[in-house]
Amino acid sequence: MASILTPSVDALVTELARLPGIGPRSAQRLAFHLLRMPSERPQALADAIAAVVDRITPCTQCFSFAEGDLCPVCADTRRDPTVICVVEEPSAIMSIERTHEFRGRYHVLGGALSPIDGVDPEDLRIVELDQRIERDGVTELVIATNPTMSGEATALFLADRVRDRLKVTRLASGLPVGADLEHADELTLGRAYLGRREI
Amino acid sequence: MAGTWTASRLEVSDVRSWSRLTVDLPPGGIVLSGPNGAGKTSLVEALVLACLGVSCRTSREAEAIRVGASALHVGLELTGPDGARRRDIGYAPRTGRKLSIDGELVRSLGAWRAAGSVLVFLPEELRAVKGPPAARRRHLDRLLEAAVPGYADDLVAYGSALSQRNAALRSVRAGRTGVDAVLPWEPGLASTGARIITARRDAMRSLAEPFARWLADLGGGADGIMGLEPSPTSLADVPDTDLPAALTERLEAARDREIGAAQTLAGPHRDDVFIGQQRGDGVTDLRRTGSQGEQRTAVLALLMAHRDHLGARSGLPILVLDDVLSELDPTRRGLLLDAAVGQGQCILTTVDPVAAQAAADRGARVLSVREGLLAA
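Protein chains in written order, with this note's numbering: chain A, 3 to 201; chain B, 22 to 397.
Hints were generated in silico from the structure; no laboratory data involved. What you are looking at is a predicted structure, and each value in this text was computed from that prediction instead of being measured. Careful: at least some of the hints might be erroneous.
What the hints assert, rightly or not - Between beta-carbon pairs, the in silico distance windows are:
1. A:G192 to B:K119: 51 to 61 Å
2. B:R159 to A:A194: 48 to 58 Å
3. B:D45 to A:P178: 28 to 38 Å
4. A:E124 to B:G89: 46 to 56 Å
5. A:R80 to B:P114: 37 to 47 Å
6. A:V179 to B:D277: 26 to 36 Å
7. B:P114 to A:S93: 29 to 39 Å
Even for Gly, the Cβ is constructed at its ideal location relative to N, Cα and C.
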């Protein structure tokens with residue numbers, strides 16, 4: 003398509019449109035918004051993006067985002083290295099960290115098993131997890147893969163693999179706090195029933 | 022009886038040959054009578070679109086849009102056990118399906134279907150008796166989806182676990198990964214599979230008796246037999262509560278062989294439904310050895326049994342029999358009309374004036390359809 007505005011605006015729109023949830027129209031709107039701002043704001047955004055591209059590497063231990071060898075969690079010596087929470091992607095770490103409940107460390111698998119999409123166990127960071135378990139004397143694995151079919155299968159696969167060596171737990175599925183029972187779907191409510199506990 | 026479903030007004034825009042049409046439908050029996058190509062089946066298709074959200078004639082809804090139009094629309098006033106509702110469906114190739122009930126947008130096709138019930142018999146439904154097992158499973162699954170909450174979800178979950186396990190089996194056979202990559206998909210298969218089998222068994226138990234009764238009433242003879250042929254057949258003797266364990270064991274025992282075949286060889290995805298008849302000392306398999314007429318009667322008996330089943334649960338569905346009458350001899354036609362007309366709403370199409378008259382004699386209203394025109 004011929005350039006309607008200028009090549010650089012077109013390039014910006016094209017790049018923005020590659021982002022998830024952003025279509026061509028939203029990309030255009032964002033681009034015009036950036037152009038209207040005082041120039042230091044888009045510059046700060048550009049700098050932030052450039053810095054991330056420049057400095058972020060996978061953490062050598064847990065494969066989350068790091069600047070340098072280790073991510074902030076792995077570098078924090080107060081965190082318990084013998085409890086590892088396994089997640090599919092780094093984004094899950096943010097969610098769990100916000101709870102302030104977990105004091106161990108993480109391990110990012112890089113996805114979940116899905117043979118249909120060509121994701122076999124060899125394509126996830128499972129060997130690396132085995133090595134950490136041996137090296138750090140891990141006593142508990144908290145499996146926090148997503149409660150989807152793929153996530154559940156991945157959880158089962160990991161549990162079968164390490165169950166004889168250490169304690170394996172899975173995040174509970176159940177009712178959202180502060181919500182009415184009548185609004186829960188059957189599947190969630192069924193899981194919550196199966197996972198009920200004595201009080 | 023949980024009530025009856027009745028369509029009272031159908032508004033059609035740009036479906037097949039119809040550009041715009043509003044038709045008031047009486048309760049009870051209705052005959053759409055007219056020559057080939059007049060648009061009878063297209064009206065049926067519009068009604069089905071407004072009840073099920075999909076076409077009964079094509080898997081590509083775009084084909085149902087009138088040539089020259091860019092979108093189709095069907096409005097339906099439908100009274101069910103919970104009262105009267107206005108249903109609207111729009112379809113355009115670019116934007117897809119848009120469903121609403123009483124003006125409120127409905128996003129899930131499941132919710133849309135749960136709020137409207139129709140049973141359709143098209144001539145090709147004969148496959149439910151003489152076709153491959155998949156056709157009989159689909160027929161049964163459609164009934165269960167309408168009657169059992171959660172069944173559709175279980176079918177979907179079972180299907181994806183099955184595809185994942187099959188893909189894992191292929192990976193193992195190709196040497197890309199180890200056997201343990203197959204294992205994590207098995208618990209899901211066993212638990213959803215057990216629920217699917219249990220629901221199918223329950224349905225068979227309640228369908229077998231009405232099927233035999235309808236087969237006799239429609240002139241197909243006494244002692245009709247219907248039952249689930251589970252895969253593997255050894256599951257037939259396993260009680261419901263032991264099904265998850267039995268399926269787990271089977272998956273484990275067959276694993277090596279299934280890696281060789283790179284697919285899951287047995288399970289509810291291979292179930293079949295036996296449709297036959299006790300004759301003298303032997304049992305006749307109507308699926309394989311029935312004559313064309315016997316098979317047609319068996320399908321109609323199956324359909325009527327399904328209707329009873331739904332009638333006792335979610336309300337008696339509207340029965341649509343497209344082009345069935347002309348293929349039956351006068352005796353069987355009379356028996357079918359006796360059964361269909363007078364119980365809930367029933368819409369029949371026919372090219373045969375004699376068949377239309379036979380329906381009218383039993384109290385059905387005849388609407389004459391001619392080249393885009395409808396006359397009472």
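(request) Could you work out which earlier hints the structure fails to respect and list their numbers in ascending sequence? (result) Checked against the structure, the hints that fail are numbers 1, 2, 3, 5 and 6, while the rest are satisfied.
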